[in-house]
Amino acid sequence: MAVEEYWAPATLSDALERLRGGDVTILAGGTDLMPQSHAGRVTLARGLLNVRRVPELRGIEAADGGVRIGALCTMSELMRDPLVREHFGILAEACDHFASDQLRNAATLGGNVCNASPAGDTLVPLLVLDAEAELASKPDGRVQFRRVPLSAFFSGPGRTARAPDELLCAIRLPRPPAGFVGRFYKAGLRPALDISAISIGIGGVPGGRALGQARVAYGAVAPVPMRARRTEQALEGAVLDAATVERVAAIARDEVRPIDDVRASAWYRRELVFNMTRRMLGDVAHA
Amino acid sequence: MTVIEKSSLIGRRIAKLDAPEKASGQTRYVHDLDLPGQLHGSILRSARVHARIRRIDVSKARALPGVHAVLTAADVPYQRPLGVGKDQLPLKGDKVRSRRDEVAAVAAETVEIAEAALALIEVEYEDLPVLTDPSKALEPGAPVIHGENLAPPSPHDSLKPGEPGDAEAHRHNVAMTFDYAQGDVAAGEAESDVVVDDWFRLHYVTHCCMGVSGVIAEFDRSGNLTLHSNTQVPFLHKREFAEILGMDPGRIRIIQPPIGGGFGSKLDIYPFEPIAVFLAKATGRPVKLVFSREEEFVASPTRQPVLLRLRSGAKRDGTLTFRVCETLHDNGAYTSWGATTPFVMMQTISSLYRVPHCSYHTTAVYTNNPYAGSFRGYGNLQATFAVEQQMDELAEKLGIDPLEMRLRNAQEPGEVTPQGMHFRTCGLRQCLTTAAEASGYREKHRAALAAQKAPGHRKRGVGMASMLHVGGGAKIYPSDGCGTILKIDDFAHVTLMTGASEIGQGSETVLAQLVCEELGIPLDAVTVVNNDTDITPWDVGVHASRTTFIGGNSAIGAARKAKAKILAAAAKVAGVAEAELELRAGHIVRAASGEALMSLAKLLRSLHFSDKAELVMTTHYYEPPSRHQDKAFKGDVSAAYAWATQVVEVEVDTDTGVVRLVKVTGAHDVGRVLNRLGIEGQIEGGIVMGQGYAVTEDLIVEDGVVRNPGFRDYKLVTAPEIPEMDIHFIETMDGEGPQGAKGVGEAPAICMAAATANAICNATGVRIRDLPFTPEKVYRALHAAAAPAKAP
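Residue numbers (the working numbering), protein chains in the order written: chain D, 1 to 287; chain W, 1 to 792.
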């Protein structure tokens with residue numbers, strides 16, 4: 001079906017009003033939406049709702065001791081932002097593996113989150129950073145907000161906890177604990193411009209050959225980008241000698257649930273999870 | 001007295017003449033052309049891999065506003081078979097044999113309407129048993145892909161080697177066979193101290209031209225057909241279009257807009273081209289038909305996939321004794337040039353190194369897969385992959401350094417091989433030593449061997465491979481020639497009309513340069529016209545790395561005739577003997593002193609506007625002194641042969657299987673460097689194309705369906721992965737070549753996969769004979785893990 005109506009509201013309230021009316025497709029950067037609709041994987045609704053003029057969806061600012069990143073922030077903006085680079089480096093690192101310069105200039109963080117691809121490049125670092133999604137809706141004439149932890153936001157490939165009348169306004173990141181370090185790894189033939197076979201994010205506070213408050217997340221190894229809680233538990237308080245690193249990496253290998261597809265087999269994905277988790281933890285231990 | 005010093009353009013760094021236009025986006029490719037009244041054509045392709053067409057209903061499509069024609073085979077009863085094998089009709093009527101098969105076509109006011117009309121066409125299929133594994137094609141009871149008689153019947157009475165098969169062979173899924181033999185392989189094997197015997201598997205890749213396939217077909221009111229076409233072979237296609245369309249070839253004009261890359265993909269005629277003509281005929285309007293990128297992946301040719309078994313032997317001292325090569329070519333559903341790659345493959349098997357005894361056999365079998373065409377290197381990447389890995393294997397078994405092994409068997413200048421190739425110039429030995437020394441091959445190879453078992457996940461290794469390829473045309477057709485018409489106007493501006501097409505390789509620039517060199521005029525005094533069969537003289541086409549050599553010699557011939565005319569006239573005017581005159585910087589000068597006697601323009605005007613009433617216009621047709629092969633595939637098919645050695649240095653991550661190319665050192669026998677900037681670009685581009693073939697590119701075909709028809713999952717090499725390159729030119733000054741040059745277009749892509757395989761083996765001790773070296777495959781090989789069962 002062809003798009004019959006196009007809306008470009010200038011306020012959040014107007015945008016939410018349109019959403020409440022239903023039968024609209026939300027357009028931000030369009031870098032996922034357009035190829036998917038072209039390939040017939042997404043059917044555009046009757047109305048196309050361009051949210052790019054909504055001011056509440058913009059900006060990167062300090063909030064609640066952490067940061068609030070507007071859903072419309074592009075990958076290029078995230079990579080360049082001093083606040084993000086200083087306190088949330090793992091996110092800037094992932095953006096540096098995101099597609100090409102042209103796409104980074106157009107693709108938005110909100111779009112990457114709502115597209116909910118198991119291989120979405122920013123999702124693994126956001127999980128490691130304990131991100132929350134800030135959602136807005138206008139069910140009864142008044143704008144309402146709610147927050148959902150990102151670890152509870154994804155429900156399947158392309159599916160999220162966002163209700164049809166809700167708009168993702170921002171991603172909120174709490175300030176990480178003192179001494180927090182995060183590392184991102186993306187397996188692919190090319191440094192960027194590649195859909196990852198797997199991706200790994202590991203964060204925590206290194207010290208005494210251990211990784212405290214460890215957070216581990218994996219991409220492209222399950223229907224949703226996932227936090228690996230069992231792997232995190234195994235890390236807590238463990239001294240990262242060679243045997244422990246092997247043991248933790250083996251737990252991670254068991255914890256992921258990959259599939260075979262055109263990019264990699266499930267077996268190879270598990271091998272990568274094991275080898276690269278081991279390598280990344282080894283780096284922590286030797287840091 | 002004005003003195004003009006002698007100067008030369010040869011070997012200089014000259015920017016391509018079309019570079020400003022292309023870099024600034026001004027070039028008008030076929031995509032950018034729109035003719036008044038033009039309609040847009042679009043093709044409905046088969047939804048099935050192998051099926052009978054029971055019924056096609058186009059009524060809804062025809063009823064869609066904006067649609068001017070909907071054609072199926074039933075609407076075009078005059079269709080004739082096309083392509084190398086003449087084994088398909090443009091529109092398929094009763095049966096589809098692959099997913100690229102053309103079932104119906106639409107001409108409409110816009111691309112969008114045409115696409116919408118395609119979606120309204122109803123096709124009822126009856127599935128037939130599918131054959132997508134070439135190794136099962138010859139089994140009794142295998143599904144038969146062909147065997148029906150196309151009208152008119154095949155002109156081939158019996159299956160001749162190197163000729164498309166007849167209907168009887170087709171009934172057994174055999175499209176083509178090739179057999180070649182020299183010496184006595186049994187005797188060679190008997191005198192061998194070591195023998196290696198391996199299977200090699202070569203995969204599908206495709207050209208990925210920036211300019212996708214496209215054509216505009218237009219009839220005038222007198223019934224003359226003009227095609228704006230991306231073809232690489234306009235003159236051959238003029239004739240073939242005439243046959244397919246039942247037209248007088250004299251009424252067909254082919255104009256080539258600037259072509260956005262060919263690499264061999266535009267060497268055959270494909271169904272979309274006559275379909276555009278059918279649509280133009282049906283509507284009386286110009287019809288433009290340009291592929292989408294996805295369509296280009298699905299419906300343009302691939303490189304020939306090959307299953308290859310090679311057995312090679314050597315004596316204790318490293319001397320090669322014999323080679324036996326058998327290949328199974330997956331022909332796909334139809335026969336295009338891919339099936340004929342054995343012409344080139346057997347040259348590498350028999351003659352890259354001296355081998356006294358040799359046999360070669362290919363069977364190309366029909367399947368329901370995509371079909372392969374010509375692609376830069378033409379089978380040589382595949383053959384070199386096997387031959388050069390076995391050179392390393394033999395060296396290892398004999399405890400000989402791989403470089404020494406190659407030097408011991410290297411061809412020399414003057415050699416006439418048992419296959420009949422005469423290497424008048426041959427720089428193989430210099431290529432080998434230059435590439436090895438510049439890269440530090442020996443030391444790195446030894447160091448990597450010693451470090452194979454060392455701890456750590458990053459392994460470095462170095463590998464080499466050499467290649468032999470035609471460099472002076474290839475006498476495949478009745479003529480391998482090229483014609484030139486040269487005219488000089490009253491202002492000493494030259495228009496060079498050449499049959500040689502520009503497809504991005506830089507021929508326009510090098511031909512202008514060669515003419516300037518003869519006539520002593522600056523480069524901006526030449527206009528090259530090379531894209532209109534109504535104007536330019538005949539040429540066989542852009543293939544076989546022939547254009548600089550053949551088109552260059554033709555241009556030089558025409559320029560020399562013009563020069564002779566000019567100097568004869570100047571001698572009379574100046575009262576000086578012709579032999580004492582030269583042309584420099586737009587002037588007639590005394591050869592000895594450089595004294596300028598008169599401007600060339602003034603002399604030309606004095607010829608034109610005088611009682612002589614003469615214009616300087618010349619023609620030349622150059623036919624290289626090469627020979628056709630005989631029925632046993634023996635003969636000196638090229639007027640010169642190109643050589644190269646490339647050394648590839650890799651880093652293998654044993655945790656992930658990722659192979660990174662660190663550095664490529666190349667030494668190329670190019671005869672002579674004409675345009676240094678152009679040849680560097682061509683070699684760098686070829687190296688990257690070869691790198692893609694080796695490590696990233698993989699057209700995934702499962703059950704006859706292309707699974708990755710887009711640049712997201714078909715992975716071209718991008719800028720960050722391009723290795724450091726160190727390129728050396730070996731100038732052997734070929735006696736027949738234009739200013740000593742040989743062809744080089746295909747050469748740089750040929751060695752890369754083989755050298756990379758050897759480098760991976762040097763780094764890890766694991767030899768992989770299955771392309772491409774994608775991370776998962778390399779990882780499995782390193783960890784000796786079997787390939788997984790296919791996902792359900």
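Just so you know, these hints were derived from the structure itself, not from any lab. Using N, Cα and C, we set each Cβ at its ideal position, and we do this for glycine too. One or more of the hints may lead you astray.
[Stated by the list, open to error] Pulled from the structure, derived: some chain W residues nowhere near chain D, Cβ distances all over 10 Å:
(1) 28
(2) 194
(3) 565
(4) 696
(5) 720
(6) 721
(7) 765
[Said to hold, decoys possible] Example chain D residues on the side facing chain W (calculated, C-beta under 10 Å, incomplete):
(8) 102
(9) 180
(10) 181
Consistency of the hints with the structure:
The non-interface label for residue 28 (chain W) is consistent with chain D: the shortest C-beta to C-beta separation is roughly 24 Å, beyond 10 Å. For residue 194 (chain W), the requirement that its beta carbon stay farther than 10 Å from each beta carbon of chain D is met, with the minimum near 35 Å. With a least CB separation of 55 Å from chain D, residue 565 (chain W) remains clear of the 10 Å interface cut-off, as annotated. The claim that residue 696 (chain W) is not at the interface with chain D is violated, since a C-beta of that chain comes within 10 Å of its own (minimum 5 Å).
For residue 720 (chain W), the condition that its CB be more than 10 Å from all CB atoms of chain D is violated, with the nearest at approximately 5 Å. Taking the minimum C-beta to C-beta distance to chain D, about 6 Å, the non-interface status of residue 721 (chain W) is violated against the 10 Å cut. Chain D leaves residue 765 (chain W) outside its interface by the beta-carbon criterion, the shortest separation being 19 Å against a cut-off of 10 Å. A least Cβ separation of about 13 Å between residue 102 (chain D) and chain W goes past the 10 Å threshold, and the interface hint is therefore violated.
With its C-beta approaching chain W no nearer than about 26 Å, residue 180 (chain D) sits outside the 10 Å limit, and its interface hint is violated. A hinted interface residue such as residue 181 (chain D) counts as satisfied when its beta carbon comes closer than 10 Å to some beta carbon of chain W; here the least separation is about 21 Å, so the hint is violated.
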